[in-house]
Amino acid sequence: MIAVLLERIGLALVTLLIIAVTVFFALELMPGDACTVHLGRGATDTMLAACRARMGLDQPPLWRFAAWAGDILHGDLGVSMQRERPIVDIVGWRLRNTLILAAVTATIGIPLALGLGVLAGLKPDGPLDMAISGIAIFAMTVPEFISGTLMILVFSVILGWAAGVVTIGYKAPALDLVRASMLPAATLVFILAAHILRMVRASVIEVMQSDFVQMARLKGVPQRRIIWHHVVPNALLPAISVIGLTMAWLLGGVVIVESVFNYPGLGRLAVDAVADQDLPLVQAIALLFGLIYVLTNLGADLLALALNPRLRTRRG
Amino acid sequence: MIRQLTARLLAPPLVIFMMVAGAAQAETVMRRANDLSFGGSESLDPVSANRFYEVNDLIYSRLIRQDDDGRPAPELAQTWTANDTATEWTLTLQPGVTFHDGSAFDAADVKFTLERIKDPALESPVTDVLGMIEGVDVVDPLTARIRLSTPHAGLPLLLMDYRVRMLPEGAAEPYGIGTGPFKLESYDPESTTILTANDTYWEGAPKLDRIEFTAIPDSEARNQAMLGGQIDYNGLTRDQEPLYVGNPDFIVQSYPAGGWFGIAFQANQPPLDDSRVRKALRIAVDRSEMLALMAGEGNGIVGCDTPVMASDPFRATLDCPQDIAGAKALLAEAGFPDGIDIEVFTADLEPGMVQYAEVYQQQVAKAGIRVKLTLAPSDGYWDDVWMQKNAVTSWGQRPADQILNEAYRTDASWNESHFASAAYDALLDQARATLDIDKARDLYVQAQEILFNEGGTLIAYQENGRRVMSSRVTGIKPQDEDYIRWHLVGMTE
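Here the protein sequences line up with chains L and U, keeping their order. Count along the first sequence from 1, add 2, and you get the number used in the numbering used here. Count along the second sequence from 1, add 75, and you get the number used in the numbering used here.
The set of hints was computed from the structure by calculation and includes no laboratory data. Hints should not be assumed to be uniformly reliable.
[To be verified] Below, a list of computed lysine to aspartate or glutamate pairs in the EDC-like style, where the Cα atoms sit at most 20 Å apart:
no., chain 1, residue 1, chain 2, residue 2
1, U, Lys193, L, Asp47
2, U, Lys193, U, Glu260
3, L, Lys173, U, Asp263
4, L, Lys173, U, Glu287
5, L, Lys173, U, Glu260
[Said to hold, decoys possible] So the derived label-pair ranges between C-beta atoms look like this:
no., chain 1, residue 1, chain 2, residue 2, range
6, L, Met32, U, Leu393, 39 to 49 Å
7, U, Ala183, L, Gly162, 49 to 59 Å
8, U, Asp263, L, Leu177, 29 to 39 Å
9, L, Met32, U, Ala183, 23 to 33 Å
10, U, Gly245, L, Arg56, 25 to 35 Å
11, U, Ser453, L, Ala69, 40 to 50 Å
Virtual Cβ for every residue (Gly too), placed ideally from N, Cα, C.
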């Protein structure tokens with residue numbers, strides 16, 4: 003049990019190290035350096051020299067990587083070239099806002115997906131299942147920038163129920179952001195729920211055909227009791243790792259959704275940082291996304307371990 | 076129980092919301108977007124490279140502004156006169172003007188504002204425009220004398236630059252105090268910046284009570300905010316225009332501006348060192364068709380390789396229809412009777428930069444000009460390609476004296492086509508020393524004619540600017556932002 007736990011955590015740390023190395027050295031392969039990229043057309047020799055000295059670019063790459071990684075371990079992500087402020091101060095608020103958006107999405111999306119998945123799986127190919135599965139496939143195939151724009155068009159421009167894009171600032175109180183995050187969260191829920199419910203549906207169908215459900219049915223256990231005590235708990239276990247993966251996968255969607263809705267989170271900041279050619283900030287955000295991805299998956303793994311004893315022993 | 080709880084939780088925000096809504100009705104507020112083009116390092120220093128110009132336009136004033144024809148008109152300076160050699164300019168200032176902090180505007184503020192531009196620590200791009208200002212003398216509180224290191228008859232035009240805005244003496248970071256029609260209430264470029272009316276504005280109290288800027292960096296999100304009525308004023312791209320045209324809730328305006336794409340042919344590299352070849356490469360272009368294809372018909376002004384912005388009184392209006400026969404003849408004369416092969420570089424840096432080169436390639440093929448298009452990587456384009464190869468270039472709008480000196484003079488730092496003409500340089504010097512504005516105009520036009528006959532840069536047109544506004548907005552003419560008199564702008568109910 004402890005060995006499995008340590009192995010998972012060790013793997014997560016190795017993954018993070020690989021991400022850090024990739025994020026850092028990818029930039030070394032680019033033409034020019036962080037300063038030529040950032041200063042662009044207006045760069046003069048004196049500006050470039052000053053920028054390189056400030057960024058420590060005159061040092062060899064390995065030494066810079068060591069310094070960068072060391073600073074990160076001390077909680078220092080460096081200084082943004084464009085904003086000329088510590089990156090920690092810039093990403094802190096945005097990280098909070100993205101987590102709020104993720105929390106709203108998860109709170110609505112996960113119960114919705116589980117409920118619909120069970121409903122669809124109980125009577126496969128029935129009219130309810132056809133409707134739910136049909137919508138799910140639609141939701142999975144429509145890209146976020148289309149569903150998001152459609153949401154704004156319908157709920158904001160035509161119906162006028164909700165403000166289309168978010169106009170409150172990144173430092174707004176958390177409750178205001180929860181209110182502002184409804185349309186972007188709905189866009190994300192659409193995709194998140196679709197992925198999870200299809201997994202839940204499949205495992206409900208599988209469990210319904212299993213021997214122990216047949217047995218319970220033959221024993222005369224009432225249908226409701228079979229569903230709640232035998233089918234649902236067994237069908238939800240595989241859903242946990244899918245939820246973990248899907249939440250992590252949504253990070254990519256967050257970049258798009260936040261831009262479409264002007265939501266002041268990490269995703270929009272990532273787009274801005276790329277547009278500003280602010281490489282230290284891009285690096286820091288890429289690393290943060292990697293960290294969130296790894297942590298979410300690790301969390302899902304550990305939760306599955308806790309709930310499913312069969313996973314706790316190492317095979318082979 | 077739950078219902079009660081919900082009611083109790085919702086009631087206070089609801090009351091506050093209604094109060095805010097009630098207060099907002101009494102106020103006229105214009106909401107605008109900040110596109111975060113400087114990524115949050117927007118500066119309230121008007122001459123900073125990162126100037127937050129939308130806000131600076133509202134809180135600061137210039138000495139001289141343009142009238143509707145683009146000619147110099149009084150703002151904080153009532154009159155201006157030069158000595159005979161145009162090396163000294165004396166300005167009399169508007170009396171009774173106060174800054175937002177209550178202090179009086181006088182000649183010492185002019186001295187401070189103009190002299191600090193050259194401060195090397197600021198690294199201000201305005202140094203390129205007003206670097207010839209040697210110093211400013213305070214003659215009396217309402218008279219300032221500007222001393223120049225070289226004669227410049229066009230100084231009033233240069234002072235119209237949208238960045239040359241008056242600060243109070245001793246102003247320092249974070250700036251924000253001006254004499255303009257609006258005062259800064261709160262400042263946060265990355266979320267919301269709020270301006271309120273300056274009721275003691277010397278030209279009269281503004282009609283709007285507040286102007287709010289919200290950060291919306293994504294162009295499509297700004298468009299959605301405009302469509303949804305969350306902002307009242309926005310720039311417009313060509314693709315977005317059809318969404319608004321014909322909708323009574325919006326006003327769409329297209330106005331003369333000065334941004335342009337061009338192809339800078341390298342005049343110092345054979346065979347382009349022959350001016351006949353350079354001219355052939357340019358006269359083979361159908362400029363009207365190019366404008367229609369690139370910007371849409373009527374959305375710009377065709378030009379004959381003049382870089383001068385559309386509203387500038389010194390812009391040359393030449394005629395240069397597509398001349399295939401002429402181009403062929405020039406090429407034959409220069410020793411290329413069978414046409415010529417030319418490589419042109421471009422990069423996908425701005426929408427249109429690649430298409431510009433493609434349209435060019437198609438149009439000049441008829442004259443036997445075989446263009447090889449090379450798409451260079453966006454990263455490093457300005458370092459490794461521009462000013463070294465025949466390359467598509469992109470410029471924002473600039474007035475005549477500025478752009479003609481900045482990009483075409485023999486020793487200019489941005490001479491992107493390596494154009495070298497002693498006659499051209501002499502005309503610019505002469506124009507700067509000519510106080511009679513009509514005579515000066517003749518000289519600037521002659522300089523632009525030289526560019527058309529011998530120059531290396533193709534400039535087919537200047538594209539119009541576009542904006543969309545809520546139909547409630549009043550007092551904004553289809554003119555560039557520099558021209559807007561913000562205290563006259565209002566919003567109907």
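Each hint, compared with the structure:
For the hint pairing Lys193/U with Asp47/L, the CA-to-CA distance comes to about 19 Å; that is within 20 Å, so the pair holds. Taken as a hint, the Lys193/U and Glu260/U pair is broken in the structure, with Cα atoms around 29 Å apart against an allowance of 20 Å. Of the pairs offered as hints, the one joining Lys173/L and Asp263/U holds, with about 10 Å between alpha carbons and a cut-off of 20 Å not exceeded. Using a Cα cut-off of 20 Å, the hinted pair Lys173/L and Glu287/U holds, with the two alpha carbons roughly 17 Å apart.
Between Lys173/L and Glu260/U, the direct Cα distance comes to roughly 17 Å. Compliance with the 20 Å bound is thereby established for this hinted pair. Between Met32/L and Leu393/U, the C-beta spacing of about 43 Å keeps the proposed range 39 to 49 Å intact. Restraint check, Ala183/U to Gly162/L: a C-beta distance of roughly 53 Å satisfies the suggested window 49 to 59 Å. For the pair Asp263/U and Leu177/L, the supplied restraint of 29 to 39 Å is violated, since their beta-carbon distance comes to about 20 Å.
For the hinted restraint 23 to 33 Å between Met32/L and Ala183/U, the CB-CB distance of approximately 49 Å leaves it violated. The hinted range of 25 to 35 Å is satisfied by Gly245/U and Arg56/L, whose Cβ atoms lie roughly 28 Å apart. Range check, Ser453/U to Ala69/L: about 29 Å between beta-carbon atoms, so the 40 to 50 Å window is missed.
Hint compliance for this structure: hints 2, 8, 9, 11 are not met, and every other hint is.
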